[in-house]
Structure formats: C-alpha cells, structure tokens
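K.L.:
Fit chain to chain and form the complex, with the hints in mind.
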Amino acid sequence: MATFKDFRNDVKPNWCPGCGDFSVQAAIQRAAANVGLVPENLAVISGIGCSGRISGYINSYGFHGIHGRALPIAQGVKMANRDLTVIASGGDGDGFAIGMGHTVHAIRRNLDITYIVMDNQIYGLTKGQTSPRSAMGFKTKSTPAGSIEPAISPMEMALTVGATFVAQSFSTDLKDLVALIEAGIKHKGFSLINVFSPCVTYNKVNTYDWFKENLTKLSDIEGYDPSSREMAMQTLMKYNGLVTGLIYQDTERPSYQDLIPGYSEEPLAKADLNLDQAHFDKLVAEFM
Amino acid sequence: MINQLSWKVGGQQGEGIESTGEIFAIALNRLGYYLYGYRHFSSRIKGGHTNNKIRVSTTEVRSISDDLDILVAFDQETIDVNYQELQSKGVILADSKFDPKKPEDTEASLYAVPFTEIATNLGTSLMKNMVAIGATSAVLDLDIHVFEDVVREIFGKKGDQVVAKNMEAIQAGFDYMKEKMDGNVPTMVLEKADGKHRMFMIGNDAIALGALAGGCRFMAAYPITPASDIMEYLIKKLPELGGSVIQTEDEIAACTMAIGAAYGGVRALTASSGPGLSLKTEAIGLAGITETPLVIVDTQRGGPSTGLPTKQEHSDLMAMIYSTHGEIPKIVIAPSTVEEAFYDTAEAFNLAEEYQCPVIVLSDLQLSLGKQTVEPLDFSKVEIRRGKLITEGLPEIEDKGYFKRYEVTEDGISPRTIPGVKNGIHHVTGVEHAETGKPSESAAVRVAQMDKRMRKIENIRFNTPVYKNAPHEEADLLIVGFNSTRGAIEEAMERLEKDGLKVNHAHVRLVHPFPADELSPLMQSAKKVLVVENNATGQLANIIKMNVGFADKITKFNKYDGNPFLPHEVYSKCKELF
Numbered sequence: 001m002a003t004f005k006d007f008r009n010d011v012k013p014n015w016c017p018g019c020g021d022f023s024v025q026a027a028i029q030r031a032a033a034n035v036g037l038v039p040e041n042l043a044v045i046s047g048i049g050c051s052g053r054i055s056g057y058i059n060s061y062g063f064h065g066i067h068g069r070a071l072p073i074a075q076g077v078k079m080a081n082r083d084l085t086v087i088a089s090g091g092d093g094d095g096f097a098i099g100m101g102h103t104v105h106a107i108r109r110n111l112d113i114t115y116i117v118m119d120n121q122i123y124g125l126t127k128g129q130t131s132p133r134s135a136m137g138f139k140t141k142s143t144p145a146g147s148i149e150p151a152i153s154p155m156e157m158a159l160t161v162g163a164t165f166v167a168q169s170f171s172t173d174l175k176d177l178v179a180l181i182e183a184g185i186k187h188k189g190f191s192l193i194n195v196f197s198p199c200v201t202y203n204k205v206n207t208y209d210w211f212k213e214n215l216t217k218l219s220d221i222e223g224y225d226p227s228s229r230e231m232a233m234q235t236l237m238k239y240n241g242l243v244t245g246l247i248y249q250d251t252e253r254p255s256y257q258d259l260i261p262g263y264s265e266e267p268l269a270k271a272d273l274n275l276d277q278a279h280f281d282k283l284v285a286e287f288m
Numbered sequence: 001m002i003n004q005l006s007w008k009v010g011g012q013q014g015e016g017i018e019s020t021g022e023i024f025a026i027a028l029n030r031l032g033y034y035l036y037g038y039r040h041f042s043s044r045i046k047g048g049h050t051n052n053k054i055r056v057s058t059t060e061v062r063s064i065s066d067d068l069d070i071l072v073a074f075d076q077e078t079i080d081v082n083y084q085e086l087q088s089k090g091v092i093l094a095d096s097k098f099d100p101k102k103p104e105d106t107e108a109s110l111y112a113v114p115f116t117e118i119a120t121n122l123g124t125s126l127m128k129n130m131v132a133i134g135a136t137s138a139v140l141d142l143d144i145h146v147f148e149d150v151v152r153e154i155f156g157k158k159g160d161q162v163v164a165k166n167m168e169a170i171q172a173g174f175d176y177m178k179e180k181m182d183g184n185v186p187t188m189v190l191e192k193a194d195g196k197h198r199m200f201m202i203g204n205d206a207i208a209l210g211a212l213a214g215g216c217r218f219m220a221a222y223p224i225t226p227a228s229d230i231m232e233y234l235i236k237k238l239p240e241l242g243g244s245v246i247q248t249e250d251e252i253a254a255c256t257m258a259i260g261a262a263y264g265g266v267r268a269l270t271a272s273s274g275p276g277l278s279l280k281t282e283a284i285g286l287a288g289i290t291e292t293p294l295v296i297v298d299t300q301r302g303g304p305s306t307g308l309p310t311k312q313e314h315s316d317l318m319a320m321i322y323s324t325h326g327e328i329p330k331i332v333i334a335p336s337t338v339e340e341a342f343y344d345t346a347e348a349f350n351l352a353e354e355y356q357c358p359v360i361v362l363s364d365l366q367l368s369l370g371k372q373t374v375e376p377l378d379f380s381k382v383e384i385r386r387g388k389l390i391t392e393g394l395p396e397i398e399d400k401g402y403f404k405r406y407e408v409t410e411d412g413i414s415p416r417t418i419p420g421v422k423n424g425i426h427h428v429t430g431v432e433h434a435e436t437g438k439p440s441e442s443a444a445v446r447v448a449q450m451d452k453r454m455r456k457i458e459n460i461r462f463n464t465p466v467y468k469n470a471p472h473e474e475a476d477l478l479i480v481g482f483n484s485t486r487g488a489i490e491e492a493m494e495r496l497e498k499d500g501l502k503v504n505h506a507h508v509r510l511v512h513p514f515p516a517d518e519l520s521p522l523m524q525s526a527k528k529v530l531v532v533e534n535n536a537t538g539q540l541a542n543i544i545k546m547n548v549g550f551a552d553k554i555t556k557f558n559k560y561d562g563n564p565f566l567p568h569e570v571y572s573k574c575k576e577l578f
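Protein chains in written order, with the numbering used here: chain A, 1 to 288; chain B, 1 to 578.
Same shape as in the complex, but just chain B (with noise of 0.2 angstroms):
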C-alpha cells in the first residue's frame, strides 16, 4: 500500500489531454484523497506537447512531486520528455499505435495498450482517453465505477449511450492491461482516503470566488493566459447577482473601466498577467492620485514581453510593487495557497475602500492554474467594509463650495462619497488638486496632499503579512518565498529536519508595503537566509536587502526556466549551504 501517487498523461495538446487528467483527479477527489495537479502547455491551441501530472496523497500536498510513478503516453515524445522523473519501479502506459520505445536508462517498465485500437473498435478513437483511464485503474487496481458519476457529468448531455460507450471504453482499458499484467506487474494500490468531500479549484477559481464573496459586482477585463479564468467565471456568475462583466477593446480599457466603476461606487475588479499590467501602470497611478479604491490581479508567467507565457515566473514582483510614474500609496498581496487566494481577493476589496488605493492580488501561473483539492473554505470569516464611504445624509454645502474629498486628515484616509451623492460634489482629477479635488499647483497643498495619500497605508492592517512556520528560537537556516513555493519549501523543510538542521520558514504574503518588523526577528535569529523565487535576479531578496538588511545572510535562490520549483530543487540547495 502506498500513501501518495503520481501520476501523468501526456500527448499533443488538443488531444483531450487535459479532460484525462480532469476525469482522473475529479473522481480521486470525491474519494477523499488530496490532490495536486500541475498542466504543462504551450501557447497554441492544438499540437505541441502537453502534460498533465497529477499527485495523489492521502493527506495534504500543495507542490508537484518530485518523480512519478505512472506515465500515461500518447506518443513518444511524452516518454522521451518525461520519463527522467520515473522512479525505478515507476511504469509507462503506452499506446500501441505509436509503437513506444523505451529509453535505455530507466528502470521503469514500459506496456503498450492498444488505447487508440480498443476505443475505435467501441466505436471513436476519441475513446482513448478513456481506455487509458482504465488501464491506470488497473495498475491501481481501482474499482472504475468510481469513475461514473464524473463521466455521466461530462457526457450526459450527449445522451445515456455515449456515457455508456465511455464506461465501457474504460472497461475495456482495464480488463486489457488486468490480462496483460497476470500478476507481473506490481500493483500500485494507494492506502484508503477519509472520504470527505472536498473542493477541486485551481487558484484563478479561487480568487474569483472569492472576488464575488467580497462583494465585487462589476468586472473590466481582456483575455490573457493564465487570468482569462476569472473573468470566465465571473461572467457566468455575476448575472445572477446583477452584476456584470465587459470585455473590453484592450487592458487600458479594462483598468480604466474598473476604475470608472469604482469611483462610481461598485466594487470592480480587473484580471491580467504581465504584459497587460504593463499597459494599466499609468491607470495604476491615476487610481493612487484620485484615491480610487481598485483591485487588480497579476497571475505572473514568464516575461519579460511575450516571454514565456504559459510557464510559472516570479518576475513582476518589483513592477507591481514600483511601476507608475510618479509615487502613490498602493497594497500588494500575495496569497500562497488556494485558500488564501480565496480570502485575500475578498479582503483586497476591503482594504481598497478603507485604504482608498489600488490593491493588486499577486498571483503566479503554478497557483493560479494548479488544480487542488481544497479544505472548506469559512465564508463567515469574509467580511464587508467600506471604509469612510458616505452616501446619504450630507450637510448642504455653502454656494458653489465643493465636498471636501481629499480632505487632509490625520490618518490620511479622506471622506468619500460617489456620483449621485447629494451634497457631495467635488472634482477628481489626476492632476495634483487641493482638499475639494480643484487642481492646484501650490507648494504646500502638493506637500500636504502627496503627505496624506502616502501616510494611509503606513499602518495598514493586514491579517497574516508573513506566513510563518517557525519552530526554532535559534535557526540554522530561514527559508523564505512568496506565492506557489510555499508547498516546495515546506517538504524541503520537512526533509532537513530529519537530517537534523532547523529551520524555519517564512512565506510573505503582504508584499507591499513590506512588513520588514514581521520577518526582520526571523532573519535576526537564523545563520542563514535562503529566498527561494522564481526569477534570475532574485526580486524578493532584495526587496529584503532593502526593507530588513542582513544581506550578508542572503543567498538567491533562482529558477527561471519556466518550471515551478520541486522539494528536492529547494532540498538540495539548501544542503548545499551546510
């Protein structure tokens, strides 16, 4: 018996690749195993190679395993990409019609199965997939039924009998391989799962779920890999709240509509990756000077330009934090689980109305795409707070005298009241403007007013501004990351801890403005630093150099290639130090 699986299918992409590994996991979920799935894609919608590796455990996993036990291939190139991480007692499932060759140098068996031969004979190769899920259950020696609910939703629609013709395909794959193995092949029979329903969401489902539980009504958006998913969402699920979505004609468009929106009174949102936060940047900073509560999503892939736009990349860190010209208050968060995605982008709408600045959710491809299961999320743990919004019940305002919007005040966070508004009037204007919102150009309204905005967020309140799992006064060494790393981090950290050395680890989650008092006692009792990111010049930890010190602690701790980092990555480096 075995606690934990990996699996993967791999093939051409358009191939149904990813609806495989779909079917798989979804059932595994429902059985109350924890799930974490990881696509590996091209941008281009059919060909090219695709994968989809899927790790099954009986208890909670949040980073991609490091080898793989199954491989399931549509063509050879799959197996000459991916059987490196095939553990010696790992097997290929291969379909037959490519005639697979094994490599020479792995221990891992190879089995052809007739996926394609066995699905056209049950009427469409299209059917493969099916086979293939069967034959896996085999060398599982799963019961398929588990697999029937989910494909009854999948193919229902198209009638009984094609739910039937997939049942049977996936009959087939398994009674093929049950005959083939004839007790040679060692089972791979994972422990028993507690059962318990549990949700499957990738990190981009999380954060619009969570925009809606925060009260977001209105979102302004343009299609981009890896964010296109929460607009998705959004537009099937913001009608029945009354709610809307626009796609619109470009990015600038999408930030500035939201920003529209907001300043008109509704809680709006906008969704990018790299290239389209690079066209909002100036919208960016018209949201700081006007004080326009406004949330923004980065889920960052590769970059720089088009760079590597399916792949996992840390690199937008210092923009999100610095770019616009000029200086304005803005919060960046950065969640580092599914969970946490959920109840920051619920809170961002929070903190964007009290702090009346830009919030940018900071995600990344690994977490915005990975698909896993998910403990209950607490919805009375969201709340709604608006901050010093008024909309009713406004002194008259003395002839042509305009409501005092920016007004200064002590903790810099001004009244503030939305078109339609009686008694509100006041102008908003990018323009640097006195306390009624008129431009102005006077030494001292510029100082007062710059004053104002930059002191809102100096004592922000922010729930966990670093994720913190610190068991040693005295560490050896302190592992800190932000986003995805989280699950890569606490399994290498697990490992050097049976090795003997302590360590701690913490994750930042509020990345501005930095919560230097909340790492620096972490940094302070460690004999080293390892800032563990995905990009090649090491953004987190200089931001840390910067805000806390100790840079003579610090290693970098880089990986650029595209891939998310795996536990043994995080290990052997951090071996390496001692």
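Here chain A stands alone, though its shape is the one from the complex (with noise of 0.2 angstroms):
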C-alpha cells in the first residue's frame, strides 16, 4: 500500500510561502493514497500558470503542458490508457479563460477524469492582471480602473454544460477537500472541483478571511440534496457561488468511455499493433 509519502517527491515549489496550491498538492497527494493508488499508475496533468506547476511536485507521472489546454492532454492520456487515474489541474485563468472552451467540452464529454482548479481570482505568475474569476471593479495591474467585466461562475457554468460531479473546496479545509478529491476519482466520469486557494501576494482582496468570513458549508445548509441540479443552481444564485462541499452528483450517466462503440477493455496502450493481414485484406477489398 503505498502511503502518503510515497507521492512526494525531492522537488521544493516554488509557491510563495501562504499560498494555497501547497494544500491542494497535500491534498492531493492524500487522496491518491487514500484511494489506494501507487504513484505510477497516477498521471498528473497539468496547465501554465504557478498552480500549474503542480504535476512537478508529485511523485507520479506528471505532464506540464501549454497554457489552457491540460484538460485536451489529460484526456488523451486517458483515453490511452483507462486503467490510470488521470487529475488534470490548473488555475482560474488557465481553466476558464484560456482554456474555457476546453473546460466545457472536457464536462459535457464526460470522459473519466478529475480536474482541479486552484481558483485565485488572478494572474498571479504574470504578477497581478485581472482573471475571468475577478469581481466587478477588482482593481489589477491590467484593471487600474477595476474590473467592468463580471466573474465567471464556474460552479453554475458546469451545471448548465452538462457536468456529472461539481464541487467546490477551499484549500484550508484540508479534511473536505481530501474527501472530495477521493470522491472526485472514484466518481465514473468527469469530475470538476474548484477550490478557493488564496494568491498571499497579488490578491488583496480575496484574503483567506475573506473566504471564512463569506463561504458557507453546504454541509451546514438543512436538508441539501446534491444530486438535485435544480438545488444546485437555486443555492449557487443564492449564495453567489461562494459555498462548499459536493455541489452536484448524477451517478446515473456512464463515462465518455463506457459509451464508445467498440472501444477496448485493455488500455490502448498495451495493444497489439500489428494488423493481421485477413484484416488489411478486407480493408483494402472495399476499395476495389
């Protein structure tokens, strides 16, 4: 059984101390041992940006691709090879805006695979622009003025594209967002987890307090039934998107890859390549 450690690996990040990707890679790292992975059977996949630096600092594969396009590169590594646990990972900017088009395709899809998004509502590596997930008038190098561009609402977005898992963590809440990445895996089919992961340095505004003072526990909410979508909408409206826990589930729906016609049991990956020449021979006589 591996444990924990066993996804750590020798590589120091480099996070600004505070900030909150350094929970979600614990987290991370403790739900891959929780579920019982070994590490070479986990591939990390994951954008540009400083979140996006995360594939480098788990002992597992790790890919750290172009900016925006994690989800495509993820979903092609699993569609190579089903028996992996594939987590696709990046920030806000990456995932929901030069990346967005991915993110909808890769939810409606469906494919099995975990994304998770460390949401600080800037572009932190670039040293402080707005991000899609800024507030109106949230003042940045690139909005000296604030915003006039409303935030994206992921969570809502998800909903209505045709999502199967949505959740949403903050990164202090190391217990939950353990949990829901262990959910997140095992769920048979897409799954998006947005977590709040405070930028110490360039984000002034959304603080860690800010978040405890404004997130609520959809745990605290009576009587919440997460695999209701049209609860989910009305409580995201409601609360503004700011809550927490396991927002929506629909068990029912089989992955992207359950639905492939013809589409092998054995990982791609360890087919034979070869053709038999009977085959070719049958190809070739439907062009004569």
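Honestly, the hints are just simulated from the structure, not real lab data. It is possible that some hints are incorrect.
Just so you have them, the derived chain B footprint on chain A, three or more residues with Cβ under 8 angstroms [claimed, not checked]:
| # | region |
| --- | --- |
| 1 | 94-104 |
| 2 | 172-179 |
| 3 | 182-192 |
| 4 | 270-279 |
Quick list of in silico lysine-lysine cross-link-like pairs, DSS-like style, CA-CA up to 27 angstroms [stated by the list, open to error]:
| # | chain 1 | residue 1 | chain 2 | residue 2 |
| --- | --- | --- | --- | --- |
| 5 | B | Lys388 | A | Lys270 |
| 6 | B | Lys101 | A | Lys282 |
| 7 | A | Lys270 | B | Lys422 |
| 8 | B | Lys165 | B | Lys97 |
| 9 | B | Lys158 | A | Lys12 |
| 10 | A | Lys5 | B | Lys438 |
| 11 | B | Lys404 | A | Lys5 |
| 12 | B | Lys422 | A | Lys12 |
| 13 | B | Lys404 | A | Lys270 |
| 14 | B | Lys236 | A | Lys270 |
| 15 | A | Lys282 | B | Lys237 |
| 16 | B | Lys573 | B | Lys545 |
| 17 | A | Lys282 | B | Lys158 |
| 18 | B | Lys400 | A | Lys12 |
| 19 | B | Lys498 | B | Lys438 |
| 20 | B | Lys381 | A | Lys282 |
| 21 | B | Lys400 | B | Lys422 |
| 22 | A | Lys5 | B | Lys545 |
| 23 | B | Lys404 | B | Lys456 |
| 24 | B | Lys157 | A | Lys127 |
| 25 | A | Lys186 | A | Lys175 |
Computed from a prediction, not measured in an experiment: that's the story for all the values here. Even glycine gets a Cβ: it sits at the ideal position worked out from N, Cα and C.
P.N.:
Shown next as structure tokens:
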C-alpha cells in the first residue's frame, strides 16, 4: 500500500509562502493514497501558471503542458490508458480564460478524469492582472480603474453544460478537500473541483479571512441534496457561488469511455499494433 | 480505338454530379482501366458550379489530362466554363432541358439529350445522372451491363425496384443516344483493359489506411476540408480494433489530445489543413520539447486564412518546416502518389517513435481528394518499430529519484517509458528541463538538452528522401517538385524527351530535414533546374537554394490560381527555357 509520503518527491515548490496551492498539493497526495493508488498509476496533467507547476511536485507521472490545454492532454492520456487515474489541474486563468473552451467540452464529454482548479481570482505568475474570476470593480495592473467585466460562475456554468460531478472547496479545509478529491477520483465520469486557493501576494481582496467570512458549507444547509440539479443551481445563485462541498453529482450517466462503440477494455497503450493480413485484405477489398 | 479518354460531368453542386462520376469511374476501374479523377467544387453545400473530371487509360496515369473528349453538362454554365478544354472532335452531351447553346469558337459537337425528361418519364428526375451515363456509354460503345454491380451496391438498400429503375434509365439514355448518333457521331472506343482488380481511392483513404496499418489506434481531429475524410474513415474502422476517434471542440484540443494520447503510449494521429495547422503550432512545439511522438497530417489547400478552401495549393511548406516558436526537431515527409501516402503514413508512426518528435505528413488537395486507380499495396512492407520505448523491467529507482527520460545520449535519443510503467516515473514539461524532466534554467543543461534534441534527426533514415527518375548523367534540365505535381512532371518529361531534350526528374519526398546530399548531384549535373510548385513565392525553390545552392540554375514555376498543374503547362514552361 502506498502512503501519502510515496506521492511526495524531492522538488521544492516555487510557490510563495502561504500560497493556497500547497494545501491542494497535499490534498491530492493524501487522496491518491487514500483511494489505494500507487504512484505509477497516477498521471497529473497541468497547465501554465503558478498552479500549473503542481504536476512536478507530486511523485507520479506528470505532464506540464501549455497554457489552457491541460484538459485535452489529460483526456488524451486517459484515452490511451483507461487503467490510469488521471488528474488535470491548473488555475482559473488556465481553465476559465484561455482554456474555457476545453473546460466546457471536457465537462460535457464526461471522460473519467478529475479536474482540480486552483482558483485565486487573479493572474499571479504574470504578477497581478485580472482573471475571469475577478469580481466587477477589482483593481489590478490590467484593470487600474477596476474590472468592468463580471466574474464567471464556474459551478453554474458546469451545471448548464452537462456536468456529472461538481464540487467546490477551500484550500484550508484540508479534510473536506481530500474527501472531495477522493470522491472525484471514484466518480465514473468527469469531476470538476474548484478550489479557492488564495494568492497571498497579488490578491489583497479575496484573502483567507475574506473566504472564511463569506463561504458557506453545503453540509450546513439543511436538506441540501447534491443529486438535485435544480437545488444546486438555486443554491449557487442564492449564495453567489460562495459555497463549499459536493454541489452536484449524477451517478447514473455512463462515462464517455463506457459509451464509445468498440472501445477496448484493455488499455490502448497495451494493444498489439499489428494488423493481420486478413484484416488488411478486407479493408483493401472495400476500395475495389 | 483509343487508349485514353477524358470525361467530365458538370452541373450545380447538390445535383448528384459527384455520384455520377463515381458510378462511371468505379465501373471502368473494375474493367481494369487506370483512372484519375479530380473534382472541382466550392465551399458550399448546394449550388455553384461543380464538376468531376475523370481520365481513363489503359496505362497508369497520375495527372489530370490536358484536354477533354466528352463533356456531360447539366447546365449552360458547365459548357461555358469547360468547353475550351474539349478537343476538336470532342462531344458535349447536354440536358435539352436548359436549351444548351454551343459556344462559337469550338469545333466540338453538341448533342442535346433529354436527360431530365427521360428520367422523369421513368419515375423521377433524380435519375437524370443515370440517363447521362447511358448516353456516354453509347458514345463509347460500352456495354451498359458494366454498371449493374455498382448500381446495385449503391441503390440495393432501397430495393430491387430502385436498382431496376436506375438500370432502365441507363438503358434509355444509351438507346436515345444510339439512335441520335445513327452512324453520324464518331464513337470513341477504348482499347480493352487488362481486367485486373485494383483499388480506386483518394489519397486521404490511403493516409487513413496507412495509419491503421501503422498501428494508429487513436485520433483526435476537428472537421476541415480537405482532411475530414481521414477522420471519417477512422471513425468507421478504429472500433474494430478497439481504438477510437474523438471529434474535438477545436484544432488546439485535437493536437494536444493527440499529444496526451501519444504520451500515454498509444500511436496517435491528428489531421487538418492549413488553418488547423496554424492553430496547432504551439502544441507542435510542445511535442518537440517534450519529445512526444506525434503524427500530424496536413492536407494543403489554398491559403492564407480561409483562402481557397476547396482548391489546390502548396503554400504550407515553409510553415510546416518552421512554424512553432523556438527550435525543435521535426520530420516532414511529402508523399507524391496515393501508394506513397499509404506507406509514408504508416512509416510516420515509426519515425515519430524512433526519433521521439512530431512527424508531419504533408499532402495536398489534389493528392488527398483526387480519386485514382492504385496498384496493390504490399502490406508486408509495413513494419512496426517503436524505437527506445521501454514498457517493463525497469530497474528500481533510488528513493525519490526519477527515471532519466531525457538522458543525454550519443544519438540524442533517450529511453522512453509511459505512464503506468513501474520505476519509470519522470516529469514531462514544456519548460526546459534536465535529464529527469525536472525544470532547469541552467545554461549547461539548456545547451545539453537542445543539442541532444536537435542531434536526433541529423542522421534520419527515410526510405526514399528524393524520388529520382534520372536517366541522364548530364541533363539539359532537372525538374523538381513535391506532392501531387509528380504526374504532370512525368508526362511533361516524356514529351520533352521526344523533342530530344535530356531531362531528369527529382521529387522531394523528405522535406525536412532537407536531403541536400541526395539532390545536389542531380543539380550539379543539370544545365538548368525548374522547380514546379503550387504557390506564389517558390517555397521549395527557396528551400533548395538555402540547403543545396545552385541559385543561378534555378527557375521557379509557380501556379497559385487554385488549380493543379496540367502536363502541357509544365511542358511549355520547360520549352521556354531552351
């Protein structure tokens, strides 16, 4: 049995002290051990930005790609080897700005992977510009007079494009976060987990204290039922998206892979690549 | 008796012009004739002039013919746009419905045949195409029963009655035209063909079949003309092999998903044309620096931007060699025949894994969509070689150490493993990295890794980097081309030889890294060099000047009006040089 420590490597993260991403890294490592994974069967695929470095900080297979494209790379990995556990990860700029097109389509495609967004409502690595998650009026280097675009609501967005697993967490709620990542890994389909992960250097508004004051745990809402998409949507609107916990899960819908006609049960990466002559002859005959 | 015939059918898009040509061509292919078809079409579903030109020959043909023997017209536009191709004894068979008029400046004869009326009387005007095939058969003195099997294959699902009706329409067209000819119209009787069964396919079919034979089991793609046929074929065929195609949300997803799949250990493909390749370029750089084996097909069409989406061009050449920021090892191969498209695509997957880099299979619209008779493909020539891939038995790695995925080796190629393999954990990143894949900005590491990557393709082994037909030690002229210009150049060369000129022909098959050593002796021994290509700036000519030299010998011959080269155009240009 692999433990939490087996998912640690010797690389020192280059995140600022106090960055929320440290907790997300630890949560992934704990969740991976808790669900019984061994490091070589986990692939962490990440985008670009501070959070994109996460794939290099976990002792597992890791692919640090290009900005906004963690999801298509992760889906390709899963298609190649359905036995792997694939986690895609990145920031709010990666997933909801440059990569938003992929996010929407990965959600509706519903391949069996887990997507963890480290949402700090700012561009940190480029030293403080507005993000699609920044609120109206938010002042940054690129919005000195305050942002004049509203923030994207990723959880509501996910619900409208056919999500089967939508969750949100806060980086300091380590126990809840680990449990949600475990549930996401076990979910048969695409799981989206948005994690509020404060940027201590550039975001002086959405701080740890701000989140503590403004977040509501779904477990504290009486009668909340994550199998109801309607309740999920209403709750998100009522709380302006500032809730944590499992927002919605559809356990009925098969994953994309289970719906592909003829898709091999054996990982494609292990397939025999040789066609037999008879098969080839049959293909050729169709052109005669 | 004639040994070659050129036939064209034209009308408005959506009128069944393509299927008319298809039925005519498949039947003749099965008789053992060699065919070469080229479709003129527009980027719209219905309306707009379209035509399908089919060359029929008793010997192999790889080019559109210069002239035309029979033109089947469903509207006046077809006559007006195409009549100038007709030879003096050529025949126009036109639907009397539109009261066809023959242009004054042609010696060809026009026969109005009531295609629509005959078809309508038999049940539906949709069968006017069949009537036209019947009328054509009369001019060719062809037994219409040769069409029976094809008609059955196409309409069989709709029932025997539909098959019978369509055959009746062919018969009626035949009978009408026979009577009308009554000995006055000269028949064009083709010499008997050898009766051998050969494939009849487009280049895209061969690319897709080559991918299957080459072990490709996953494709990610976004629909685009003229590449979509590749994904459509694989969507049908990959499930039989357990594989799959994902139609992605965009071109960037297609390329990055293929990269993810290739990293995951499956042979993965993406295919597009120019606009798609422009979008894929950042990802191609990622495949370069992460040393991920990736096969990309680019079926060139007219650019820039949306350009001429349904027309022939060769203007992506430089972009395929150089595009993506920074410097990466990349292999670009350019098949020039349908057969080569098959073998090259299969081989591309070997090259990608052996050299651990992106491999671009460069095609063009004429090769990808031109439908032609293909000699039997030799499946035994297809090998699966996976290079330095290790999937088991890796030695235990010391605590927290990583597998040296980017180990600096003499040939630059490092051992490679894939996710899931024990003791193979390493990091992969588009950031410059050390041997374990961990990011590094060290100057020494940077230079070592850059040199290692670039060294990989220095001594690339590729079967035929340059196709040569060089009968002369000293030549008056060397003609150089790439992709689908091969047939037009071959035919021009034949005619020039008859005129007494000593002509050699070289067709560049490995575009990058450029096989300068292969081409140099041929250029050295030629008095003049003509570089034939479908673009405005002479991209191949410029690459040759950069890599081989002999700039003063080179004449560029460029065509960028959207149409493929015709043999007589190449011939005339060569004559101008002497």
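K.L.:
Confirm or reject each hint.
P.N.:
Results of checking the hints against the structure:
Against chain B, the region 94-104 of chain A contributes 3 residues with a C-beta closer than 8 angstroms to a partner C-beta. That satisfies the three-residue criterion, and the hint holds. Residue count for the region 172-179 of chain A with a Cβ under 8 angstroms from a Cβ of chain B: 0. That is fewer than the three needed, and the coverage hint is violated. Only residues whose C-beta sits within less than 8 angstroms of a C-beta in chain B count toward coverage, and the region 182-192 of chain A has 0 of them, not enough to reach three; the restraint is violated. Counting residues of the region 270-279 of chain A whose CB lies closer than 8 angstroms to any CB of chain B gives 7, so the stated coverage by that chain holds, three being the minimum.
With a C-alpha separation of about 16 angstroms, the suggested pairing of lysine 388 of chain B with lysine 270 of chain A holds against the 27 angstroms cut-off. Pair hint lysine 101 of chain B plus lysine 282 of chain A does not hold up; C-alpha atoms about 48 angstroms apart against a cutoff of 27 angstroms. Among the hinted pairs, lysine 270 of chain A with lysine 422 of chain B is consistent with the structure: their alpha-carbon atoms are about 14 angstroms apart, no more than 27 angstroms. Taken as a hint, the lysine 165 of chain B and lysine 97 of chain B pair is honoured in the structure, with Cα atoms around 21 angstroms apart against an allowance of 27 angstroms.
Among the hinted pairs, lysine 158 of chain B with lysine 12 of chain A is inconsistent with the structure: their alpha-carbon atoms are about 69 angstroms apart, more than 27 angstroms. Taking the CA atoms of lysine 5 of chain A and lysine 438 of chain B, the gap is near 19 angstroms; set against the 27 angstroms cutoff, the hint holds. Using a Cα cut-off of 27 angstroms, the hinted pair lysine 404 of chain B and lysine 5 of chain A holds, with the two alpha carbons roughly 22 angstroms apart. About 24 angstroms separates the Cα atoms of lysine 422 of chain B and lysine 12 of chain A, which keeps this hinted pair within 27 angstroms; it holds.
Using a Cα cut-off of 27 angstroms, the hinted pair lysine 404 of chain B and lysine 270 of chain A holds, with the two alpha carbons roughly 22 angstroms apart. The hinted pair formed by lysine 236 of chain B and lysine 270 of chain A meets the criterion: a straight-line CA distance of about 22 angstroms does not exceed 27 angstroms. Under the criterion of a C-alpha separation no larger than 27 angstroms, the hint pairing lysine 282 of chain A with lysine 237 of chain B is consistent with the structure, at around 11 angstroms. Taking the CA atoms of lysine 573 of chain B and lysine 545 of chain B, the gap is near 20 angstroms; set against the 27 angstroms cutoff, the hint holds.
Restraint check for lysine 282 of chain A and lysine 158 of chain B: satisfied, since their Cα atoms lie roughly 25 angstroms apart, inside the 27 angstroms limit. With a C-alpha separation of about 13 angstroms, the suggested pair lysine 400 of chain B and lysine 12 of chain A falls inside the 27 angstroms cut-off, and the hint holds. A hinted pair counts as satisfied when its Cα atoms are at most 27 angstroms apart, and lysine 498 of chain B with lysine 438 of chain B does not qualify at roughly 64 angstroms. About 17 angstroms separates the Cα atoms of lysine 381 of chain B and lysine 282 of chain A, which keeps this hinted pair within 27 angstroms; it holds.
Distance check on the hinted pair: lysine 400 of chain B and lysine 422 of chain B sit about 13 angstroms apart at the alpha-carbon level, within 27 angstroms; holds. At roughly 59 angstroms between alpha-carbon atoms, lysine 5 of chain A and lysine 545 of chain B are farther apart than 27 angstroms, so this suggested pair is violated. For the given pair, lysine 404 of chain B sits about 17 angstroms from lysine 456 of chain B by alpha-carbon distance, which is consistent with the 27 angstroms threshold. Of the pairs offered as hints, the one joining lysine 157 of chain B and lysine 127 of chain A is violated, with about 65 angstroms between alpha carbons and a cut-off of 27 angstroms exceeded.
For the hint pairing lysine 186 of chain A with lysine 175 of chain A, the CA-to-CA distance comes to about 17 angstroms; that is within 27 angstroms, so the pair holds.
Hints 2, 3, 6, 9, 19, 22 and 24 from the earlier list are contradicted by this structure; the remaining hints agree with it.
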